[in-house]
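As given, the protein sequences belong to chains E and A, one line each in that order. Throughout the first sequence, residue numbering follows our numbering, covering 21 to 269 in sequence. Throughout the second sequence, residue numbering follows our numbering, covering 7 to 415 in sequence.
Zero decoy hints are in this set.
With a straight-line cut-off of 30 Å between C-alpha atoms, the simulated BS3-like cross-links for lysine-lysine are:
#, chain 1, residue 1, chain 2, residue 2
1, A, 251, E, 34
2, A, 339, E, 48
3, E, 184, A, 314
4, E, 34, A, 339
5, A, 406, E, 237
6, E, 224, A, 406
7, A, 265, A, 376
8, A, 251, E, 155
9, A, 251, E, 184
10, E, 211, A, 314
11, A, 339, E, 117
12, A, 251, E, 221
13, A, 251, E, 224
14, A, 406, E, 155
15, A, 339, E, 101
16, E, 211, A, 406
17, A, 137, A, 224
18, E, 31, A, 251
19, E, 95, A, 339
20, E, 221, A, 314
21, A, 376, E, 48
22, E, 160, A, 251
23, A, 339, E, 224
24, E, 160, A, 406
25, E, 184, A, 406
26, E, 95, A, 336
27, E, 237, E, 202
28, E, 101, E, 258
29, E, 224, A, 314
30, A, 251, E, 48
31, A, 336, E, 221
32, E, 95, E, 221
It should be emphasised that the hints constitute simulated quantities derived from the structure, not laboratory data.
Here are the chains, one letter per residue:
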Amino acid sequence: MIMTRMSISIKNLKDIVDMLGTVVTEAKFKIGISGVSVNAVDPAHVAMVSLEVPKTVFSEYDVPADEEISVDLEKIRSVIKLASSADTVIITKDKDKLKFEIGTIIKSISLIDNDQITNPRVPQIASDDYVVLTKADFEKGLRAAEDVSDAIRLTLDKNNFYAKSTSDADESEMILPKDMVKELVCNEPIKSSYPLEYLLKLVKSISSNEDIKISFKSDYPLTIEFNLGSGNENARIKGRFLLAPRMES
Amino acid sequence: MKKTLIKIPPELCVKCRGAKMLCGLSYCPVNITGNIKKIYNFSGNDISGSSPPSIFVGRYGYPKIGVYPSLPPYTGNTAFLEDESQWLKMNLNDFISSRLSLLRGKIMMDVNSASNPDYTLQDIQLTSLSKNPVNIEMRVSKSFNKDIILDENITPMGPSSPVDSISYENYKIDNRIEKVYYDVDLKASDGIIKLYMKGLNINEISRALSTGSLGLQKNRKIVPTRWSITAADETVSNRLVDELKDYSAIDEFLVFTRKTDGNLFMGILCPGNWMFEWGESWFPGSTWNYFGNSVEIELDYEGYYGRKTYPEIGGCYYSSRLAAAEKLIKMRKQACVMLWREIYPGFNIPLGVWYVRENVREMFNSVPEKFSDLESALKYLSGYSRVPIDSWIHRSNNIKYIRSNLDAY
Numbered sequence: 021m022i023m024t025r026m027s028i029s030i031k032n033l034k035d036i037v038d039m040l041g042t043v044v045t046e047a048k049f050k051i052g053i054s055g056v057s058v059n060a061v062d063p064a065h066v067a068m069v070s071l072e073v074p075k076t077v078f079s080e081y082d083v084p085a086d087e088e089i090s091v092d093l094e095k096i097r098s099v100i101k102l103a104s105s106a107d108t109v110i111i112t113k114d115k116d117k118l119k120f121e122i123g124t125i126i127k128s129i130s131l132i133d134n135d136q137i138t139n140p141r142v143p144q145i146a147s148d149d150y151v152v153l154t155k156a157d158f159e160k161g162l163r164a165a166e167d168v169s170d171a172i173r174l175t176l177d178k179n180n181f182y183a184k185s186t187s188d189a190d191e192s193e194m195i196l197p198k199d200m201v202k203e204l205v206c207n208e209p210i211k212s213s214y215p216l217e218y219l220l221k222l223v224k225s226i227s228s229n230e231d232i233k234i235s236f237k238s239d240y241p242l243t244i245e246f247n248l249g250s251g252n253e254n255a256r257i258k259g260r261f262l263l264a265p266r267m268e269s
Numbered sequence: 007m008k009k010t011l012i013k014i015p016p017e018l019c020v021k022c023r024g025a026k027m028l029c030g031l032s033y034c035p036v037n038i039t040g041n042i043k044k045i046y047n048f049s050g051n052d053i054s055g056s057s058p059p060s061i062f063v064g065r066y067g068y069p070k071i072g073v074y075p076s077l078p079p080y081t082g083n084t085a086f087l088e089d090e091s092q093w094l095k096m097n098l099n100d101f102i103s104s105r106l107s108l109l110r111g112k113i114m115m116d117v118n119s120a121s122n123p124d125y126t127l128q129d130i131q132l133t134s135l136s137k138n139p140v141n142i143e144m145r146v147s148k149s150f151n152k153d154i155i156l157d158e159n160i161t162p163m164g165p166s167s168p169v170d171s172i173s174y175e176n177y178k179i180d181n182r183i184e185k186v187y188y189d190v191d192l193k194a195s196d197g198i199i200k201l202y203m204k205g206l207n208i209n210e211i212s213r214a215l216s217t218g219s220l221g222l223q224k225n226r227k228i229v230p231t232r233w234s235i236t237a238a239d240e241t242v243s244n245r246l247v248d249e250l251k252d253y254s255a256i257d258e259f260l261v262f263t264r265k266t267d268g269n270l271f272m273g274i275l276c277p278g279n280w281m282f283e284w285g286e287s288w289f290p291g292s293t294w295n296y297f298g299n300s301v302e303i304e305l306d307y308e309g310y311y312g313r314k315t316y317p318e319i320g321g322c323y324y325s326s327r328l329a330a331a332e333k334l335i336k337m338r339k340q341a342c343v344m345l346w347r348e349i350y351p352g353f354n355i356p357l358g359v360w361y362v363r364e365n366v367r368e369m370f371n372s373v374p375e376k377f378s379d380l381e382s383a384l385k386y387l388s389g390y391s392r393v394p395i396d397s398w399i400h401r402s403n404n405i406k407y408i409r410s411n412l413d414a415y
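Modelling step: build the complete structure from the supplied sequences, incorporating the hints.
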């Protein structure tokens with residue numbers, strides 16, 4: 021019998037687990053012929069993380085048939101802790117266990133019943149207006165707002181991208197003109213507020229020099245597209261983060 | 007009883023005789039007045055009795071303020087008068103009359119004298135920390151004036167008079183407090199937490215705080231009772247909220263309700279990170295909407311990272327927040343918490359913030375109704391609330407957040 025078996029670098033595995041960990045503690049992975057995908061939504065349905073891990077990310081990928089695997093992320097973290105980031109781990113599915121081999125260590129963790137994790141509904145979200153900038157630049161604006169309010173208002177117009185927070189007492193604002201970002205496309209000015217806490221958690225899990233693409237509309241969910249992991253352009257993990265707007269009264 | 011005087015048609019009282027609550031109040035003014043008269047049955051300016059112990063600290067004239075050792079004019083086991091866990095079990099008439107029997111002897115002090123307490127203050131401190139009732143003999147300079155305390159924050163207290171002389175006997179300092187009292191290198195906030203962890207209740211902790219028995223030696227201060235209660239509620243709940251943020255969120259909506267005399271308490275715990283709100287709706291003819299014609303809703307809230315300003319709604323915010331945090335700690339979970347209270351006509355006597363804290367605690371001891379979504383939870387609550395549920399929804403901060411989710415797209 022052929023079992024599902026794949027090898028992935030610890031760095032990539034850690035990136036995946038950390039990213040999902042921003043919204044959930046357990047996740048259901050869809051293992052397909054061409055790669056692995058996962059959608060995870062937080063309990064309050066405010067944020068969703070979707071990851072596509074093409075099979076090119078794996079150094080070995082033997083998947084005889086599509087299947088779903090549900091795991092407790094904390095258990096994968098405990099495996100990652102045993103390795104160094106340069107290591108590669110061989111993952112094999114064996115009945116209701118997932119076996120991890122790192123060098124001389126073999127560790128098996130039990131899987132969660134697939135029925136226990138619901139498949140989140142993926143919202144239909146699209147916007148034509150967007151800005152592309154480095155994660156580090158975006159994070160600066162978020163950090164400035166962190167001690168001001170629990171929400172941040174993003175504004176985009178033809179020439180600038182603004183991230184602003186206000187409270188009764190304090191205020192913070194980041195203004196990025198078009199020439200300081202990688203790309204900016206905006207027809208009509210748009211603005212919308214988002215919960216800061218989710219954004220901070222998300223950006224923490226993305227490498228500093230990565231470009232991220234932020235798109236939204238007025239009072240509409242935010243989409244952040246990003247890449248994770250190391251490797252060349254077609255061997256990267258593609259991520260999408262959706263965040264519900266904070267409606268202002 | 008000037009503060010509670012209300013015009014009630016005399017024919018109602020004749021028909022009711024304290025039994026039928028025909029006037030619509032949650033307590034019977036005639037009964038209470040009668041009860042107190044019985045208790046105050048003493049003459050002259052000498053009072054002796056067992057203090058539960060009970061100490062009241064006023065705030066007027068700060069930093070020179072009145073410190074009031076308090077006792078009912080009888081001896082015996084009076085501990086129940088200061089045991090907040092017993093108060094809900096009493097009916098309102100008994101509770102109010104027994105608390106109003108606490109006569110307050112006034113001694114003027116400088117708040118800073120606690121950093122180097124003289125014998126007078128030391129006696130008061132040790133009395134306030136006693137685990138047993140303390141027998142007190144007190145001579146006051148004039149008959150007790152009618153200045154009873156019925157206050158939003160403070161538990162009811164009886165009338166006061168300046169002290170000429172006072173003596174205390176048989177105080178036994180509670181050994182859980184003793185170390186904290188003599189530890190002059192322990193900050194007041196750490197002292198509060200320590201006492202809470204040792205099982206002291208908020209009333210006991212705030213009493214120790216108010217007599218200047220906690221904190222670094224040089225920083226010790228006498229603290230007005232109303233501030234000390236809120237300080238205890240706030241300090242303890244801050245610690246618990248920090249702790250509960252390490253837990254995972256609940257995964258369904260839990261709805262709690264509790265009806266009491268003239269009040270409805272409602273609580274919704276929602277999946278999500280810690281957030282909190284406390285709302286009160288005062289019906290016309292209730293304590294703080296005495297002159298109004300329509301229901302007034304007042305609400306304060308905090309997000310995950312807490313508040314930076316004092317809630318306008320007052321000390322009850324922190325009392326209810328403490329009860330909510332305790333519940334989540336017990337569940338080892340975090341949640342987005344809404345607590346709403348409706349106060350109906352006839353409940354027009356302020357009892358202190360303990361009433362909120364103990365009722366919310368009691369409410370959380372009940373078995374909740376469970377729902378998979380907010381809308382069903384609200385629909386269920388609309389069967390309880392007299393305020394239209396849409397008014398609560400409109401006023402709620404948390405609902406705005408919860409409804410800001412991806413489900414609509």
